[in-house]
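K.L.:
Please build the complete structure, drawing on both the sequences and the hints.
If you count the sequence shown from 1, you need to add 1217 to reach our numbering.
Certain hints may be false.
[What the hints assert, rightly or not] Taking lysine to any residue pairs in the SDA-like style, the calculated list, with each CA pair at most 25 angstroms apart, reads:
(1) K1341 - Y1319
(2) K1341 - V1351
(3) K1281 - P1333
(4) K1281 - P1357
(5) K1341 - D1358
(6) K1281 - G1322
(7) K1341 - A1305
(8) K1341 - R1364
(9) K1341 - V1284
(10) K1281 - G1356
(11) K1281 - Q1343
(12) K1281 - V1299
(13) K1341 - D1308
(14) K1281 - D1308
(15) K1341 - V1299
(16) K1341 - P1357
(17) K1281 - S1294
[What the hints assert, rightly or not] FRET-style restraints, in silico, Cβ to Cβ:
(18) P1277 - P1350: 26 to 34 angstroms
(19) D1352 - R1289: 17 to 25 angstroms
(20) V1284 - P1333: 34 to 42 angstroms
(21) T1282 - G1304: 19 to 27 angstroms
(22) G1322 - P1350: 19 to 27 angstroms
(23) P1350 - V1284: 15 to 23 angstroms
(24) R1347 - V1284: 26 to 34 angstroms
(25) S1302 - D1345: 25 to 33 angstroms
(26) P1277 - G1307: 13 to 21 angstroms
(27) D1308 - T1282: 15 to 23 angstroms
(28) D1358 - G1283: 13 to 21 angstroms
(29) T1306 - D1358: 20 to 28 angstroms
(30) V1351 - V1284: 16 to 24 angstroms
The hints are simulated quantities; they were obtained by calculation from the structure and are not laboratory data.
Given the structure is predicted, the values throughout are model-derived calculations rather than measurements.
Even glycine gets a Cβ: it sits at the ideal position worked out from N, Cα and C.
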Amino acid sequence: MSERSASSRPSTARVRRGLIGAAACSTLTLGAVLASPGTAAASTEPARSLTPASTQAVCPVHWKTGVDYAGRTAGYSWAWNVLVSQGATGDRVREIQCLVNYQIGYGLTVDGNFGPATRAGVEKLQRDRRLTPVDGIVGPDTWRQLRR
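P.N.:
As C-alpha cells, then:
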C-alpha cells in the first residue's frame, strides 16, 4: 500500500525527529530505518523520486514568492490552477501530498500517486476549510488553501 491512513499519522515530535534525522541520512537509508512492518521503504526509482516511509523527511515546505503569486511550496511543483485528481501521478501529486500533510497533519506517504488516501486527505482539507464541493479534486480554490 503506497499511502497511510490518517489514523496512523506520526506525532509532531516524531515528525520533527524525522526532519532532523533526514539531514544526516540518505533517502534510501532513512526509508529503511523508518520503515516499520506494513509500510513501504524507499523504492529503486531515480533519486528525486525515492521516498521513505516517513513523508515529512522529504517535504521541506517553505514560503515562495513568484512573479505574480506567493505561497507555500514543497519544491515539487508551483502549480496553482491545474486540476489534479485521483489517478494522477508525478510531482504535482507529491506537492499536494506534502502540502496536505503540512496544512492538516494528515500523514500521507509522498509517493507521487494520487490514490484513495490522498483523495481522503484532500477531502478533509476541503471540509476543514469549508470549500465546495468536497470532491477530493485539487483545483484553484484547493490549491490556494494548500499554499496559504
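K.L.:
Evaluate each hint against the coordinates.
P.N.:
Checked hints:
no.: 1; hint: K1341 - Y1319; verdict: holds (13 angstroms)
no.: 2; hint: K1341 - V1351; verdict: holds (8 angstroms)
no.: 3; hint: K1281 - P1333; verdict: violated (29 angstroms)
no.: 4; hint: K1281 - P1357; verdict: holds (17 angstroms)
no.: 5; hint: K1341 - D1358; verdict: holds (14 angstroms)
no.: 6; hint: K1281 - G1322; verdict: holds (20 angstroms)
no.: 7; hint: K1341 - A1305; verdict: holds (19 angstroms)
no.: 8; hint: K1341 - R1364; verdict: holds (16 angstroms)
no.: 9; hint: K1341 - V1284; verdict: violated (30 angstroms)
no.: 10; hint: K1281 - G1356; verdict: holds (19 angstroms)
no.: 11; hint: K1281 - Q1343; verdict: holds (23 angstroms)
no.: 12; hint: K1281 - V1299; verdict: holds (18 angstroms)
no.: 13; hint: K1341 - D1308; verdict: holds (21 angstroms)
no.: 14; hint: K1281 - D1308; verdict: holds (17 angstroms)
no.: 15; hint: K1341 - V1299; verdict: holds (20 angstroms)
no.: 16; hint: K1341 - P1357; verdict: holds (16 angstroms)
no.: 17; hint: K1281 - S1294; verdict: holds (11 angstroms)
no.: 18; hint: P1277 - P1350: 26 to 34 angstroms; verdict: holds (31 angstroms)
no.: 19; hint: D1352 - R1289: 17 to 25 angstroms; verdict: holds (22 angstroms)
no.: 20; hint: V1284 - P1333: 34 to 42 angstroms; verdict: holds (36 angstroms)
no.: 21; hint: T1282 - G1304: 19 to 27 angstroms; verdict: violated (32 angstroms)
no.: 22; hint: G1322 - P1350: 19 to 27 angstroms; verdict: holds (23 angstroms)
no.: 23; hint: P1350 - V1284: 15 to 23 angstroms; verdict: violated (31 angstroms)
no.: 24; hint: R1347 - V1284: 26 to 34 angstroms; verdict: holds (30 angstroms)
no.: 25; hint: S1302 - D1345: 25 to 33 angstroms; verdict: violated (19 angstroms)
no.: 26; hint: P1277 - G1307: 13 to 21 angstroms; verdict: holds (19 angstroms)
no.: 27; hint: D1308 - T1282: 15 to 23 angstroms; verdict: holds (20 angstroms)
no.: 28; hint: D1358 - G1283: 13 to 21 angstroms; verdict: holds (19 angstroms)
no.: 29; hint: T1306 - D1358: 20 to 28 angstroms; verdict: holds (23 angstroms)
no.: 30; hint: V1351 - V1284: 16 to 24 angstroms; verdict: violated (32 angstroms)
In summary, the structure is inconsistent with hints 3, 9, 21, 23, 25, 30 from the numbered list given earlier, while agreeing with the others.
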